[in-house]
Each structure stands twice: as C-alpha cells, then as structure tokens.
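Peer 1: Letter by letter, the chains look like this.
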Amino acid sequence: MFKSLAPPEYLATIDREKCIRCKRCIQNCGWGVYSWGGDKILIDTFKCVKCLRCYHYCPEEAIEIKDNPTKFKQNAYWSFNNIRNIKKQAETGGIPLTGMGSDMPYPILFDNLLIDACQVTNPSIDPVREPMELRTYLGKKPSNIKVEKTKDGKLKLSEPMPPQIKLDLPIIFSPMSYGSISLNAQKVLATAAKASGIVMNTGEGGLHEDLFPYKGNIIVQVASGRFGVNPEYLNAGVAVEIKIGQGAKPGIGGHLPGEKIPLEVARTRMIPVGTDAISPAPQHDIYSIEDLRQLIYAIKETTNYKPVSVKIAAVHNVAAIASGVVRAGADIVYIDGFRGGTGAAPSIIRDHLGIPIEHALAAVDDRLRQEGIRNEASIIAAGGIRSSADVAKAIALGADAVGIGTAALITMGCTTCGKCYTGNCSWGITTQRPELTARLDPEVYAERLTNLIRAWSHELKEILGALGINSIESLRGNRERLRGVGLDSFTLDILGVKPAGR
Amino acid sequence: MVEINASGTYYKELNQKVREAVEKGEKEIVLKNVNGQYYIGDGLRGSSTIVIEGVPGNDLAAFMDGPTLRIKSNAQDNISNTMNSGKVIVEGNAGDVLGYGMRGGKLHIRGDVGYRVGIHMKGNKKQTPTIVVGGTAGDFFGEYMAGGVLILLGLDSTGPLVGDYLGTGMHGGTIFVRGEVDKKLCGAEVGILDLDDDDQKVLKDALTDYCKDFGLKLEDIMKKGFKKLIPVSSRPYGNLYAY
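Going line by line, the protein sequences match chains D and R. When we follow our numbering, the leftmost residue of the first sequence carries the number 1, and every step to the right adds one. When we follow our numbering, the leftmost residue of the second sequence carries the number 1001, and every step to the right adds one.
None of these hints come from the bench; they were simulated from the model. Treat the numbers as computed from the prediction; the structure is a model and nothing was measured. Watch out, some of these pointers could steer you wrong.
Straight-line Cα separation of at most 25 Å, DSS-like style, residue types lysine-lysine; simulated pairs [claimed, not checked]: (1) D:Lys-73 / D:Lys-87; (2) D:Lys-73 / D:Lys-3; (3) D:Lys-306 / R:Lys-1017; (4) R:Lys-1012 / D:Lys-140; (5) R:Lys-1024 / D:Lys-306; (6) D:Lys-141 / R:Lys-1012; (7) D:Lys-66 / D:Lys-18; (8) D:Lys-306 / R:Lys-1012.
Hey, can you work out the whole structure from these sequences and the hints?
Peer 2: Right, dumping it as structure tokens:
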C-alpha cells in the first residue's frame, strides 16, 4: 500500500512540554488519530478531521489542530478540494462522499437581505413587557369559515377545522434518522421538542421505542426505503411526512453506509447487519403527481386523516412541483434548499445540484398565491437556517415555519467537520459506536438545545417588536419588510423584495 | 358473515364501512360489485377475512397488519405496499410494484404480475414477507431486495418467465425461480445457486400454503426444479465510494 498522495487537510499537533500523557486524546478521538507509543502520544494526522473533540478534552490545552500549510500550492481556480478529490478518485475509483450542507462559496441570499424597523411614525413594541405571539399552526386552512351561535350565545365553527400541528414557535427539527444519527441524539431532539412545544421528525429510520413518550412532538417519515414503517408507526406521531427529496442530494436516494448499521439499527430497519441501507432514488410507486396523491391518501386512510407533509428538494422548477404537491392533497410542503445538511452524500451532488432555499421559497409562495391555493398547505422552509434572523427572513419570504438540523446538532457538540458518513463522530452524534454514542448525555444536551430554541424565540420577539408587530402571523409573507443589498434586479424580482433605499 | 355492496360507493365511504365491520368483530366480510375503489384494507388490523368480488383499485392492503384479503378476479398496482402482516390472495393477474417495502405477511398471486414486483422487501428473524407469483413477472423483479422470500413459478406460461434486471441491487433475502435462470437477466449483485435442504423446506412450506389457496397440487409444481438467487455480497455498493 503506497502512501496516499492526497495530503492531510489538518495537522494535529501536541505541545510535548505541556502534554502530561493522560491519554484522554486517545480515548476521545473517534478517528484513531492518537495512539500510545510507550512513552508518548503518537499522531496519525491523515485521520484528523478537525472535529476538535481532543482539543476540548485535553486538560493541559496541549493540542492544536492547524490547517496543513503544505497541502497543495494555493491556486484560485484549482481548490484544495478539487485536487484532493482527483487524487482520491485516482487512488480508489470511488465517489467521494461528504456530510453536512454544502460549504461552497455560492452567494448567500439571507446575508443580502435586511429586515425593516420602526422609527417615529410607527411605534416599535417592547417584546419583554408586551404580549408577543409566535404560535404557529401547520396544516390546511379552509378558504372560508362558517360560524354559528351555540345555545349559550358563544360562537363556534360550524364545520370542523382540518387537522393542525400546533407549534409554540415557527421552528421544527428537521428529519434525521436513527441510523444516520445516534439514538441519544434523537432523544435530545425529542426532549427539546417537547420542552419547547415544537416537533422533531424521525427521518427514515423508524421510531425507536424509547421515543414513544414523545409521540405528541414527533412527525414520522415515510421515504423510498420504507424503513421502520408499519401502521403503529404511521399512527404514532402528530403527522406523517413523505420524503421525496433532500436539499443536499436532490434526485438521488439515501445511502446509509454499513459502518452505521449495527444490530439495533438493522433490527429497526429490518435489513442485514453491516449492509448499506439503500433508499432508492425515486419511490417506485410515485412517478407522477397522481401517484403522489395515491400515497398521500393511502396514508390518510391508514391514519384516519392525520396531516401529511411532503418534503421536496429545492430544484429549478420547484414552484410548479410544489403546486402539484399541494393539489395532490399535502397539508404541508417541506422545501429543503441546497445548503441543507446530510449524513452522507456524494460531494459532487451536494455541491452542484439544486437551488438555494431563499429563491425556492419565494417562488413557491408566489406561485401558490397566484393559483389561489396558498391556504391549502403550510410551507416549511429548510436548508441552511443558521440563526433567528434567517428564521425571520424565511418567514417574511413566505414560510409558515422553518426546519433546523445542523443548528440543532451544533448544540450537541458538532463542529460541522462534515464526516458524518464515516460513523466515527467523536461527539457521539452521527455514529452508532456504543463507546462514542454513550458520550452524548440526552438530558444535558436537551437542555442546551432547549436553551437555543428559547434564545431564538426571544430574538424573534425582539425582531417583531422592532418591526412594530406583535404576531409572527403579521410577518408571514410580508416581503415589504425586507430589503435587498447588493442584489441584481432579477434576484430582487424573484424574491419580491425592493432594494435598500427604495 | 356480512355483505357490503360497493356499487357506486366512493372509496372513503367503502373503507369506512369495512373498518366498522372489522371493529365490530366480523370474521368474514364480502365486498360485492367492487369497481376500482382505491385503498381497500389499508392500515387495517385484526384477523378478519375480506372477500372482494370485482376488480379493486390501486394500493390495496397498503400498510395492512393482520387481515386476509381474497380477490376473486384481477387486481391492479401497488398491492401490499409496506404491508406488515396478513395475507392477500389474488385469483387473477396483478399489476406493477406489488409488495413494495413489504415487511411481513403473504401475497399469493395466481396469474402474472407486472414490473418491479417485490422491490425492497425486508425481513428479520421474526418477520419474513413472502410473495408467490404463479405466472410470469416483468423487469426489476426483487430489485433492492433486503429480506424475505420471493417465489416465481411460471405455471401455464408460454412467454418469458421473467424480465430483465432480476434482483438488481439485492442485498438480502432469497428469490426462488422455478426452472432455469439466464444469468444475463440478473443484476450484477445476484448469485444463482442450487437449493440446499433448508431452502427446500422454506420453499415447500411456502408452496404448500399457496397450493391450498388455489387448489393446486404441490407435487405438480415440484416436478420442475428450482434455482435460488441470493446476493453475492451483503454490501454490493461498498466499493462505490471513496472515504
């Protein structure tokens, strides 16, 4: 075996003066970078992914992870990744895999949008001392309502409201399956969802019995691999989601590498241990909008008409597709932009297919309004939501709620190293190795994730207060309260946003 | 026994009636004049037997968990989609994508079937989904198969037994084919073997039940030899990726 010509991306270094040889770095690294050489720690820096677990757990701060200064000659056109992937492919003939959302330097529209605020002519609101409404209901809304008086003079709806999912704020946890993430990570999501009055999504990996107590805060997913799907599962949560596509890998299926399929995951997925769990690229029972309708209603028949969400990736023609999805009977359309995360995707797909969520969201909201069917389904926007500002901007562009995945994982220790597909996550998140998953204490990290949601909820209220509105409903689709900076007129037109200064 | 007349009834109403009958504890339900209604038996639990007279529509027995459905004529697409347990017996032919992601129970078809039948079936020690096709099958039979048993008999057929891409992407489970299998019809992941004693037992158990459903004789079917198709690797795509 010759030494790989793809140089290490990082140099793991130990200050030998400071090192007390406690071997915690050896214990903590899931990648096998460190080993004991009899009198000192040995380093295999080729394995380092800069997840920083060792750095945080070194009691002497003796560890430093540097970007490798000798990787390749700097070249503005041939990036490190380009050259390294070619070398890797030349050595293996394989498709380079990656995890997380794309880190390519495409323009980030969220960072070119600014939110309005009140001055003089229209008073702002103090959100700390005045009521501020973030409650959101996801589901089909009737185009009109009929009200009747009861005997005691109260008003009530004369026809029942279609089923709704109640959220205390317009955020949900994006689908991440048991298998792609650890059971402890799913427990963190479920516990925080319950504490925050929102929902998590199982992804396509079944519902482990440990999550049953959180049923009221869970959306279950049905995707092309149909892993873990049975009538009990479909009826367990508050809604069912059909996954058609994922922003990080639109048009291609799921592929959970065999390294992440130990006995317990194999059992819930009903596949052999150590095989790759394959979710086919299409669902072979869905080749058209009519077929999608068929599955939506098969699920509704099975669940006595629970809300059904359909998750699609943001692609060029997303507005027309979303319109079809709504007409097929979906109660929620979940749109995942190309920055959306993944546990495993070919990097060539992740970095080059799909469109950003900002464009897709604006286009879908426009299209559904034009067709007069915007009330027929709620829109969840996801794929790169990094802060409460992104949440507010997405809602102003037309989303009913947003999905967050990566941000939630970051509260559990994730440093976005992007190696989720290896199953070696030293933080115990995207791994099934018991010695690693045991590190992620669900109680401790659920509290952190709940803190994040609380903090974002306060920030959202501050933003609403500055806008002089007291309900998130007043911001929904309210693009008048956004302005673009440094955007061309085409982009502004697509976003339905005026340039700053206008 | 209870009879339900499905003539002119919308599927939602028909399924509601069926569900109510099952909940009342009816052991045998006969649906008369069925004419293309979708979703019959979807998500249905319990142990009732439902006899369907007429041609039922798509997505029959999707997510079903327990009951037995007997269809006295032909049936359409997507039968037993992600079915968990129970049994579906089709006395005629059936369409495409039957038993997609099936996780348990049995699907017995007397006649021919279309494309992509038995794709992504799965199983474990507790549950072994089984599909038996009496006639012929189209392309992609047993695609992505991860578990369970698929049996193709080719009874009374003169045309080709099976289409192209047989067992493509197979990574678990077993396909039994009556007669010879042309290697060039199979996916690259498939190995063709002779049956051992354990296989013979699995096959005979499945076929005994099948014969009982259709009044066939096991000896007649077993007169012709079978081949076994299994994945050559539990990880067919392990080398596709660079880490």
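Peer 1: If a hint holds in the structure, say so; if it doesn't, say that too.
Peer 2: Now for the hints, and whether the structure bears them out:
Restraint check for Lys-73 (chain D) and Lys-87 (chain D): the C-alpha separation of about 15 Å stays at or below 25 Å, so the hint holds. For the hint linking Lys-73 (chain D) to Lys-3 (chain D), the alpha-carbon distance of about 19 Å falls within 25 Å, and the restraint holds. Straight-line distance between C-alpha atoms of Lys-306 (chain D) and Lys-1017 (chain R) comes to about 19 Å, which keeps the hinted pair within the 25 Å bound. With a CA separation close to 19 Å, the supplied pair Lys-1012 (chain R) and Lys-140 (chain D) stays within the 25 Å bound.
Proposed proximity of Lys-1024 (chain R) and Lys-306 (chain D) is supported: the alpha carbons are some 23 Å apart, at most 25 Å. For the hint linking Lys-141 (chain D) to Lys-1012 (chain R), the alpha-carbon distance of about 21 Å falls within 25 Å, and the restraint holds. Restraint check for Lys-66 (chain D) and Lys-18 (chain D): satisfied, since their Cα atoms lie roughly 17 Å apart, inside the 25 Å limit. For the given pair, Lys-306 (chain D) sits about 14 Å from Lys-1012 (chain R) by alpha-carbon distance, which is consistent with the 25 Å threshold.
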